[in-house]
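Position one of the sequence shown corresponds to residue 1 (our numbering), numbered consecutively onward.
Derived from the structure by calculation, the hints contain no laboratory data. Errors might be hidden in some of the hints.
Stated by the list, open to error - Below, simulated EDC-like cross-link-like pairs (lysine to aspartate or glutamate); rule was C-alpha separation at most 20 Å, straight line:
#1 Lys4 / Glu126
#2 Lys4 / Glu21
#3 Lys8 / Glu33
#4 Lys4 / Glu51
#5 Lys4 / Glu16
#6 Lys77 / Glu106
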Amino acid sequence: MTTKDYGKAPFVTNIETATLENTNYRTALWTGELLQVTLMSIPVGGDIGAEVHNENDQFLRIEQGHGRVIMGESADKITLDTEVGPEDAILIPNGAYHNVINIGQEDLKIYSIYGPAHHAHGTVHETQAIAIAAEEAEEHGH
């Protein structure tokens, strides 16, 4: 399968295969007006980056690897701290501080579903550093 953003066209895929084949930190697979699906590959020792999304709830599913999920009101008020592995789903309410850290011995392969779309159509971030730089540029209007 060619990894590209197939949204807003009707689309069907084997999400497990697409997730396992993704080697980028983040790849937008489908971006619609009200929903987005992204694929993530987090290297050993890496993380998705502590963040809060005030505009959407989020669903994550682990397809490969082992991680640690932390979630709560803020970095100082963590109410959930648990390990996750293949086939586990993580449900993140809007406004929740959260992070997923790869604590395993292989890349952590995740797909994420949320609405509305959080990233521009066609987004591909090969690494977390590229993703952070792109998000900072967006915040500053560059």
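Right, here's what the structure says about each hint:
{"no.": "1", "hint": "Lys4 / Glu126", "in the structure": "holds (13 Å)"}
{"no.": "2", "hint": "Lys4 / Glu21", "in the structure": "holds (12 Å)"}
{"no.": "3", "hint": "Lys8 / Glu33", "in the structure": "holds (7 Å)"}
{"no.": "4", "hint": "Lys4 / Glu51", "in the structure": "violated (25 Å)"}
{"no.": "5", "hint": "Lys4 / Glu16", "in the structure": "holds (16 Å)"}
{"no.": "6", "hint": "Lys77 / Glu106", "in the structure": "violated (29 Å)"}
Comparing the model with each earlier hint shows violations of hints 4 and 6; every other hint is respected.
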